[in-house]
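S.K.: Residue-level listing of the chains:
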Amino acid sequence: MSDLVIRQLSKSFGGVRAVNDVSFAIKRGEFLALIGPNGAGKSTCFNMINGQLQPDSGEIMFEGTPLRGKKPRDIWRLGIGRTFQVAATFNSMTVIENVQMALISHASQVYRLWKPARALHRERALELLAQVGMQDAADRPSRELAYGDVKRVELAIALANEPRLLLMDEPTAGMAPKERNDLIALVKRLVIERGISVLFTEHSMDVVFAFADRIIVLARGKLIADGDARSIRDNPQVQEVYFGTGKTFKAEARS
Amino acid sequence: MNLNAFVFQAVNGLSSASGLFLVAVGLSLIFGVTRIVNIAHGSLYMLGTYIAYSVATKLGGALGFWGGIVLTAILVGILGAIIEVLLLRRIYRAPELFQLLATFALVLVFNDAALWIWGPEDLLGPRAPGLTGSIELLGRRLPTYDIFLIVVGPAVLLLLHMALSKTRFGRLMRAATQDREMVGALGVNQAMLFTGVFALGAMLAGLGGALQIAREPATLTTDLNVIGDAFVVVVVGGMGSITGAYVAAVLIAEVKALCIALGIVDFGLFTVNFSKMTLVAEFLVMAIVLITRPYGLLGREQGAVRSVAEPEEPLRPATTATKIGGLIVLFVLIAMPLIAQGSPYTLVLGIDVLIAILFAASLHFIMGPGGMHSFGHAAYFGLGAYGAALLVKWFAAPMGVALAAAPLVALMGALLFGWFAVRLSGVYLAMLTLAFAQIVWAAVFQWETLTGGSNGVLGVWPSAPFESRPAFYYLTLALAALGVFLIRRFLFAPFGYAMRAGRDSPLRAEAIGLDVKRIHWLAFAIAGCICGVAGGLFAFAKGSISPETIAVSRSIDGLVMVLLGGLQTLSGPIVGASVFAVLQDSVMRSTEYWRALLGGVILLLVLAFPAGIVGGLAKLFARRKAAS
Numbered sequence: 000m001s002d003l004v005i006r007q008l009s010k011s012f013g014g015v016r017a018v019n020d021v022s023f024a025i026k027r028g029e030f031l032a033l034i035g036p037n038g039a040g041k042s043t044c045f046n047m048i049n050g051q052l053q054p055d056s057g058e059i060m061f062e063g064t065p066l067r068g069k070k071p072r073d074i075w076r077l078g079i080g081r082t083f084q085v086a087a088t089f090n091s092m093t094v095i096e097n098v099q100m101a102l103i104s105h106a107s108q109v110y111r112l113w114k115p116a117r118a119l120h121r122e123r124a125l126e127l128l129a130q131v132g133m134q135d136a137a138d139r140p141s142r143e144l145a146y147g148d149v150k151r152v153e154l155a156i157a158l159a160n161e162p163r164l165l166l167m168d169e170p171t172a173g174m175a176p177k178e179r180n181d182l183i184a185l186v187k188r189l190v191i192e193r194g195i196s197v198l199f200t201e202h203s204m205d206v207v208f209a210f211a212d213r214i215i216v217l218a219r220g221k222l223i224a225d226g227d228a229r230s231i232r233d234n235p236q237v238q239e240v241y242f243g244t245g246k247t248f249k250a251e252a253r254s
Numbered sequence: 000m001n002l003n004a005f006v007f008q009a010v011n012g013l014s015s016a017s018g019l020f021l022v023a024v025g026l027s028l029i030f031g032v033t034r035i036v037n038i039a040h041g042s043l044y045m046l047g048t049y050i051a052y053s054v055a056t057k058l059g060g061a062l063g064f065w066g067g068i069v070l071t072a073i074l075v076g077i078l079g080a081i082i083e084v085l086l087l088r089r090i091y092r093a094p095e096l097f098q099l100l101a102t103f104a105l106v107l108v109f110n111d112a113a114l115w116i117w118g119p120e121d122l123l124g125p126r127a128p129g130l131t132g133s134i135e136l137l138g139r140r141l142p143t144y145d146i147f148l149i150v151v152g153p154a155v156l157l158l159l160h161m162a163l164s165k166t167r168f169g170r171l172m173r174a175a176t177q178d179r180e181m182v183g184a185l186g187v188n189q190a191m192l193f194t195g196v197f198a199l200g201a202m203l204a205g206l207g208g209a210l211q212i213a214r215e216p217a218t219l220t221t222d223l224n225v226i227g228d229a230f231v232v233v234v235v236g237g238m239g240s241i242t243g244a245y246v247a248a249v250l251i252a253e254v255k256a257l258c259i260a261l262g263i264v265d266f267g268l269f270t271v272n273f274s275k276m277t278l279v280a281e282f283l284v285m286a287i288v289l290i291t292r293p294y295g296l297l298g299r300e301q302g303a304v305r306s307v308a309e310p311e312e313p314l315r316p317a318t319t320a321t322k323i324g325g326l327i328v329l330f331v332l333i334a335m336p337l338i339a340q341g342s343p344y345t346l347v348l349g350i351d352v353l354i355a356i357l358f359a360a361s362l363h364f365i366m367g368p369g370g371m372h373s374f375g376h377a378a379y380f381g382l383g384a385y386g387a388a389l390l391v392k393w394f395a396a397p398m399g400v401a402l403a404a405a406p407l408v409a410l411m412g413a414l415l416f417g418w419f420a421v422r423l424s425g426v427y428l429a430m431l432t433l434a435f436a437q438i439v440w441a442a443v444f445q446w447e448t449l450t451g452g453s454n455g456v457l458g459v460w461p462s463a464p465f466e467s468r469p470a471f472y473y474l475t476l477a478l479a480a481l482g483v484f485l486i487r488r489f490l491f492a493p494f495g496y497a498m499r500a501g502r503d504s505p506l507r508a509e510a511i512g513l514d515v516k517r518i519h520w521l522a523f524a525i526a527g528c529i530c531g532v533a534g535g536l537f538a539f540a541k542g543s544i545s546p547e548t549i550a551v552s553r554s555i556d557g558l559v560m561v562l563l564g565g566l567q568t569l570s571g572p573i574v575g576a577s578v579f580a581v582l583q584d585s586v587m588r589s590t591e592y593w594r595a596l597l598g599g600v601i602l603l604l605v606l607a608f609p610a611g612i613v614g615g616l617a618k619l620f621a622r623r624k625a626a627s
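Protein sequence lines correspond, in order, to chains E and W. Numbering that gives the first Met the number 0 puts the last residue of the first sequence at 254; the count rises by one with no breaks. Numbering that gives the first Met the number 0 puts the last residue of the second sequence at 627; the count rises by one with no breaks.
Wrong hints could be hidden among the right ones.
To be verified - Interface residues of chain W toward chain E, partial, derived using beta-carbon atoms under 8 angstroms:
| id | residue |
| --- | --- |
| 1 | W393 |
| 2 | P493 |
| 3 | E509 |
| 4 | A510 |
| 5 | G512 |
Stated by the list, open to error - Distance condition first, Cα-Cα at most 27 angstroms in a straight line; then the derived DSS-like pairs of lysine-lysine:
| id | chain 1 | residue 1 | chain 2 | residue 2 |
| --- | --- | --- | --- | --- |
| 6 | E | K26 | E | K187 |
| 7 | W | K516 | E | K69 |
| 8 | E | K221 | E | K26 |
| 9 | E | K177 | E | K187 |
| 10 | E | K69 | E | K177 |
| 11 | W | K541 | W | K392 |
| 12 | W | K516 | E | K114 |
| 13 | E | K114 | W | K322 |
| 14 | E | K70 | E | K221 |
| 15 | E | K70 | W | K516 |
| 16 | E | K26 | E | K69 |
| 17 | W | K618 | W | K322 |
The set of hints was computed from the structure by calculation and includes no laboratory data. No residue lacks a Cβ here, since even glycine has one placed at the ideal position from N, Cα and C.
Please build the complete structure, drawing on both the sequences and the hints.
M.R.: Encoded structure:
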């Protein structure tokens, strides 16, 4: 059974068809990469799945529930976690408070006015931080963290509601190659341990080909390929959008 | 009431629209390029009326009048350039709130400067040479000068349009309005551009003021009246849009004219005097526009401006030292009636300080952790005060009932206004909260039969056992301490964390299931409710309440208290309110020019101590610790 099914999804901005009739599905426990050149429609696709943008047409089903028209916070409550392209934490809080905030929200305790929040879910938050290797930084202000560590904390926050699907928009953007590999390896491990499905966009092909179970390729809003690493690598259409055909310019400089 | 009266008022409205347009378009241009809402724009207009008056009466004749208008525009333009170079240049990168406060400080300074130079009397200028006559329109006489004004508005609009599309300066201005960082990156001298725009905006305000002297006397209340109108026009038209400013100016002027033309209307069950509803109507139009089109009729969403606010430290529970310090302060406050037996006035001041603390702490609750910069917190103070006072006046309610009703009335108002306010952010939220506060003020001021109008409600005295000063002091102390304690408790609870999460990153907060608008709405309601207690206590402490005490200056006092103490600390508003209340009582009452003094304090705060007293001390302490 598929976790997330997307059928004939379309979205235009003015005259630009950012996403044009895209359909795909993610199976439970699958690590699916969504790739494509800049402007291919990856982020638009993402923002429609997590409710930030409303599609013009098409449908998005998660475990049989339609997501179209739902708000981001309601989609989160259905069990879909997400991380952002530009990582953001709550800067006036400590690392662990960031995670506690998500746990408090998950437990529907947001409107409590009396008991201090510090004591709530502290152990569970520490566990989550330990999973991403950030437990030692628990009581530091989150705004002091290095960017790679912010990404890890974001992951811990995204795992707080025990999601069955994780959406990661360029999880390694702005990270050093070594950090990239570590983070994706960590995600892959968590996916296998917990049976979560992951949809992620990524520009680093090393990361994609090394870790993704399956890859789908977008170009100019259209889905042009869907398959495993080898078939994508050998797909002439994919090669064309990434490298061009070499036909645009004629070699003129001869001597 | 007939059709002729309508048409006549409508034509009359067009001439008022020109004046409104001139002041609003300058405000709008300045905001478009510099992203600063220049609250002192009304003051520039007011200075325009005074300067033009002086030139016209000193020189006399046609040269004095018409030449005076041109000269005034130039002088006010130069003044604008000076303001930009000396003050605004230092605060372009400061948080929005500080910019608003700095320009408000100028309002206070200019007002006292005008008082010092021209005195408190209204000054009526000469009539316009060459345009003293009138023509007959629909059986009424319309002054030719008004017709001249009707033409001036569209003429300036046309000139500005040509200047913006044909000149290099105009192109740069349009570019900067769209993306000022890109303009800077392209190597344009931003400093010159900003100075030029500010001078142009100031010039238009000066011109607008100068043109008015043939119609209305120059008075010291012009600044706040005009800036109120100008805000409404700019917000309705869309910040940065010139045509929008004219459309909105006409709309507002016509709505006002319609109210005047309607006059008193009998609806059978009750009668409404529409001519007294002009203020309410104007702000209602603005509220409706902001709700349906958040960026104004012709405005666009503004690109985010990166402001470098000081990052905030995470909340830490009180240390033992803080707790002991707090207990000592509380004991001193409890012992105050015994300590101050010799000077009964100390208790009066003490009550003032405690009410100020409650007021400032409730404002800080939404401003600091909530990130909502309310410029209209006086509304909830006023609702609480009038709620309690009117119960006493009309139903002879005992004090207990009236004091219990105060927070409920304020809560109702905060729930209603807050629902709209949390849908906006930044300067738009500030303007909308200001508009709501003005509606409350105008309703109180103009609904004489219920509220006593400008006379207010008298004879609101505490009943037994609180009629003695010390007893009422203890009641105030108990309620203030309870309020501050509750606020602190809320901030450390999950709700307070959720408030800060929504402020730090609304996107992220929504992505972990937080309903940011709802959370901030409830925060707004809580703050309003607690502020209502302060209002109720105030009415009983003074024995009376009048519209003056809930006017816009009270909202600004609250902002100054919060900033004085420090926005990013929990004890900040308490310290700030105490210092402010004592200062206001001692220093500011001893000089005629206390407004200028307050303005100076605000400027000093904004330029030199942006973290406030508590924030500054904390930083100093941290530096010492790091050094040792």
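S.K.: Next, verify each hint and record whether it holds.
M.R.: Now for the hints, and whether the structure bears them out:
1. W393: violated (34 angstroms)
2. P493: holds (5 angstroms)
3. E509: With a minimum Cβ separation of about 5 angstroms from chain E (threshold 8 angstroms), the hint on W:E509 holds.
4. A510: holds (6 angstroms)
5. G512: Status holds, d = 4 angstroms.
6. E:K26 with E:K187: holds (15 angstroms)
7. W:K516 with E:K69: Holds, at about 16 angstroms.
8. E:K221 with E:K26: holds (21 angstroms)
9. E:K177 with E:K187: holds (15 angstroms)
10. E:K69 with E:K177: Given pair E:K69, E:K177 is violated - Cα atoms ~37 angstroms apart, limit 27 angstroms.
11. W:K541 with W:K392: Holds - the C-alpha atoms of W:K392 and W:K541 are around 15 angstroms apart, at most 27 angstroms.
12. W:K516 with E:K114: holds (22 angstroms)
13. E:K114 with W:K322: Given pair E:K114, W:K322 holds - Cα atoms ~18 angstroms apart, limit 27 angstroms.
14. E:K70 with E:K221: holds (25 angstroms)
15. E:K70 with W:K516: With Cα atoms ~13 angstroms apart, E:K70 and W:K516 stay inside 27 angstroms; holds.
16. E:K26 with E:K69: holds (22 angstroms)
17. W:K618 with W:K322: holds (20 angstroms)
Hint check: violations occur at hints 1 and 10; the rest are consistent with the structure.
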